[in-house]
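S.K.: Sequence:
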Amino acid sequence: IILYSPLLSRTIPAEPPVFLGRDQEIEKSLNILTSQTDPQAHLAVLGPGGMGKTSFALTLLHHSTIKDHFKQHVYFVPCESANSCDQLLFHITSVLGIKKQDGEDILTSMDTFLRTGPKLLVVLDNFETPYDQKGSNQNIVDVLGRISSVPQVSLIVTMRGIIAPSGISHVKTIKLGSLDPEASKQAFLTISQETAAQGALEEFLEEVDHIPLAVMLIANLAKLDSVESLLQEWREKKTILLADGADRLNNIEVSIDLSLKAKAVQDAPDALPLLALISYLPDGIMMAQETLEEKTPHMKARNQALRALRQVALIQEHEGCINVLSPVRHYICKQHPLGQNHRQAIEMYYTALISKYEEDHQTAVNDVLLTETANITFIIQNNCNSGHATLEILTAGYDMSLFLLQNRPTTYLLDMITNSGQQTASTDFTAKCQYLSGQMLLVQSDYAEAALKIQEALQCNQSLGNKQGVAQCLKSIGDILYFEGNHSDAKDKLKDAMVQFQQIGDRLGAAQCLRSIGGSLYIENNYSDAKDRLEDAMGQFQQIGNRLGAAQCLQRIGDILYMEDNYRDAKDKLEDALVQLQQIGNRRGAAQCLHSISNILCMENNYSDAKDKLKDAMVQFQQIGNRLGAAQCLQSIGRILHMENNYNQLKDAVGQFQQIGDRLGAAQCLYRLGRILHLEGSNQEAKEKLEEAWSLYQHMGLSHLQGAVTCHQLLKNVVVIDNEQSASVLA
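For the sequence shown, this note's numbering gives the first residue as 1, with consecutive numbering after it.
Check before you lean on any hint, since a few could be wrong.
[As the list claims (entries may be wrong)] The calculated label-pair distances, taken between Cβ atoms and stated as ranges, are:
hint, residue 1, residue 2, range
1, Pro269, Lys71, 46 to 54 Å
2, Asp576, Ser35, 56 to 64 Å
3, Asn303, Glu392, 38 to 46 Å
4, Thr173, Thr112, 52 to 60 Å
5, Lys495, Glu691, 53 to 61 Å
6, Thr195, Asp38, 41 to 49 Å
7, Glu535, Tyr567, 15 to 23 Å
8, Ser149, His62, 26 to 34 Å
9, Thr112, Leu224, 50 to 58 Å
10, Ser528, Thr710, 28 to 36 Å
11, Pro269, Pro151, 22 to 30 Å
[Stated by the list, open to error] Here are the computed lysine-lysine pairs in the DSS-like style, where the Cα-Cα straight-line distance is at most 27 Å:
hint, residue 1, residue 2
12, Lys467, Lys491
13, Lys28, Lys175
14, Lys119, Lys172
15, Lys71, Lys119
16, Lys223, Lys172
Note that these hints are calculated values from the structure, not bench results.
Even for Gly, the Cβ is constructed at its ideal location relative to N, Cα and C.
My request is simple: use the sequences and hints to build the entire structure.
M.R.: Below, the structure is given as structure tokens:
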């Protein structure tokens with residue numbers, strides 16, 4: 001009955017507290033999803049708005065049959081605010097914990113993750129939002145096709161309508177209609193906790209066609225007023241709407257309108273404007289009081305309004321945010337659009353928020369921008385689509401893209417503001433957008449397209465006589481050549497850019513070039529020259545007060561000292577870098593330092609402290625959604641446990657790898673367990689572990705051939721010894 005509008009989270013939302021009348025559909029869905037004859041099952045849950053499609057999917061995810069079949073590998077991806085293919089991919093990869101790997105685009109990384117992982121179930125909820133977007137439907141279909149073609153992936157797609165989306169082959173459909181009268185009545189009584197006069201409740205539920213959302217809203221209203229008076233008001237309101245040929249969807253609108261007419265809402269003058277604002281923003285608003293005040297300067301009775309909306313269950317609260325059910329949002333936006341003064345206020349709030357972002361410093365603003373990305377994108381998109389985007393909005397779009405470069409790289413906003421600002425923006429602004437687009441594409445490993453954008457920006461900056469812009473483009477070209485493996489030409493470009501930065505007095509740009517040159521020399525194993533360049537760059541970063549650049553140089557110097565077997569100095573450098581990165585708030589760099597320090601502790605045979613560092617690093621990687629970093633930490637812990645012959649903890653590590661779907665980590669731990677058991681003479685148990693490891697290596701194919709060969713060779717040796725021992729006993 002109760003629908004949800006969750007934020008992006010790896011943890012699936014709670015099971016609906018009230019869910020009745022769908023036993024047949026649930027049983028049919030369970031049979032489809034757990035079929036032995038058709039192991040790859042896909043399900044489309046269809047129907048009008050308000051039928052409880054999200055609740056249906058959540059009930060399935062929490063069902064014991066699904067838990068037994070898919071274990072912990074079930075994911076719930078809300079798509080309500082995914083207004084483009086880029087945003088849909090971000091939602092999917094965020095919930096599943098997929099990170100773009102070096103040298104890959106995000107689609108390839110997603111495909112690798114899905115194909116090398118365990119059997120899993122993914123729900124794409126409210127899929128109509130991305131699917132119905134103009135101009136991006138084919139891209140959405142392609143993404144859906146990629147996911148559904150992976151043998152071990154089963155999909156549940158919930159969306160409005162009666163036709164399943166294109167792109168999924170062999171999809172089965174579940175069409176949700178109204179509840180049966182008894183289930184509708186039981187749901188009403190469970191939610192309202194109120195009794196009603198004989199016949200009045202049955203009449204009322206019949207008049208609202210037993211639609212789940214209508215039942216839920218009316219049940220909440222019945223906490224404040226009698227069923228009889230509500231029924232009378234319904235009949236008066238419904239008559240007017242039926243004169244306009246209202247259909248079933250309008251019955252839900254009548255339910256919402258009744259909630260708006262509740263005394264608590266009527267007594268709160270700002271309730272409707274606040275609901276309009278929450279409905280206007282795809283991800284709603286944050287619950288923090290100061291944020292609410294900043295977003296609603298014209299709503300003086302905002303707190304009273306919030307209490308009223310809570311009372312009649314028109315809003316949902318989840319993980320610090322306030323949102324509305326999807327049908328409510330659509331109805332409010334159509335019937336009670338946000339007023340111009342409130343729209344201008346929210347635009348001013350977001351443009352001011354974006355302007356506070358500092359590229360080289362971690363501040364509280366960064367976290368807020370990350371949470372508000374969908375809302376900010378929506379605001380900028382609306383202005384650009386109107387054809388009247390101001391320079392302030394275009395600048396906000398650029399600054400937001402600068403932030404996204406470090407967090408969720410996409411050219412979506414840049415493409416939008418570039419097209420919209422052709423008549424408004426200066427040539428210099430256009431060049432900046434082209435350059436940033438190139439940087440985005442570089443981070444996404446699309447080197448060819450990145451080079452084209454940077455070349456366009458270079459030509460534009462040359463025509464403007466913008467020496468700093470030219471130097472930045474040359475540095476980026478050097479970075480592209482570096483990532484393409486052309487280190488010699490890369491260093492030439494970086495040196496050229498560094499000279500130009502120095503000529504115009506841009507010390508930061510020159511230091512960044514020097515750091516890149518040092519990184520290139522490090523990759524070439526030229527540790528001496530690399531260290532010299534990095535130490536020089538670090539000194540320059542320190543002189544200009546760029547703490548992040550200095551800490552990153554110090555971190556790389558520590559890595560070089562480790563490669564040179566100078567463990568004491570390496571640890572000193574890395575611990576110093578760790579402290580600096582923690583102070584700045586760069587959790588990724590801090591986690592990398594912890595992992596590097598653990599390697600040194602292992603070389604010193606200090607396994608206990610090494611494990612502590614790795615566990616700390618793993619937690620930090622998990623907090624920032626870096627699945628690869630966390631898995632690498634767990635693999636390192638497995639190697640230490642093997643060296644310690646720590647059988648019990650190694651078994652626990654196998655379980656952890658299986659839980660996160662890391663086949664390689666599980667295979668390596670099982671191999672180590674088998675090796676320990678073999679050395680202890682327990683060859684029968686060793687064989688079992690090695691057979692499990694060998695099976696996992698076979699599923700991974702040629703990507704980990706060396707590990708497979710080593711495992712198979714030990715397995716053969718163990719089998720021979722075990723057979724010989726068995727023969728000896730029989731003799």
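S.K.: Regarding Ser149 and His62, is the given constraint of 26 to 34 Å on their beta-carbon distance met?
M.R.: holds (27 Å)
S.K.: With a cut-off of 27 Å on the C-alpha distance, tell me whether Lys28 and Lys175 pass.
M.R.: Judged against 27 Å, a Cα distance of about 11 Å means the pair holds.
S.K.: Has the hinted range 56 to 64 Å been met by the Cβ atoms of Asp576 and Ser35?
M.R.: Once the Cβ atoms are compared, 57 Å apart, the range 56 to 64 Å for Ser35 and Asp576 holds.
S.K.: May I ask you to test the hint 52 to 60 Å on the CB atoms belonging to Thr173 and Thr112?
M.R.: violated (30 Å)
S.K.: Sort out whether Lys491 lies within 27 Å of Lys467, counting only the CA atoms.
M.R.: At roughly 20 Å apart (the allowed maximum being 27 Å), Lys491 and Lys467 satisfy the hint.
S.K.: Given a hint of 53 to 61 Å, does the C-beta separation of Lys495 and Glu691 actually sit inside it?
M.R.: The hinted range 53 to 61 Å holds for Lys495 and Glu691, with Cβ atoms some 55 Å apart.
S.K.: Note whether the CB distance of Thr112 and Leu224 lies within 50 to 58 Å or breaks it.
M.R.: Holds - the Cβ-Cβ distance for Thr112 and Leu224, about 54 Å, lies within 50 to 58 Å.
S.K.: Is it true that the CA of Lys71 sits at most 27 Å from the CA of Lys119?
M.R.: With Cα atoms ~9 Å apart, Lys71 and Lys119 stay inside 27 Å; holds.
S.K.: For the hint 41 to 49 Å, verify it against the beta carbon of Thr195 and that of Asp38.
M.R.: holds (47 Å)
S.K.: Falls inside 28 to 36 Å, the C-beta gap from Ser528 to Thr710?
M.R.: Because 35 Å falls inside the window, the suggested range holds.
S.K.: Between the beta carbons of Asn303 and Glu392, is the distance compatible with 38 to 46 Å?
M.R.: violated (30 Å)
S.K.: Range hint 46 to 54 Å: satisfied by the CB atoms of Pro269 and Lys71?
M.R.: holds (51 Å)
The structure does not agree with the numbered hints 3, 4, 11, 16 stated previously, though it agrees with the rest.
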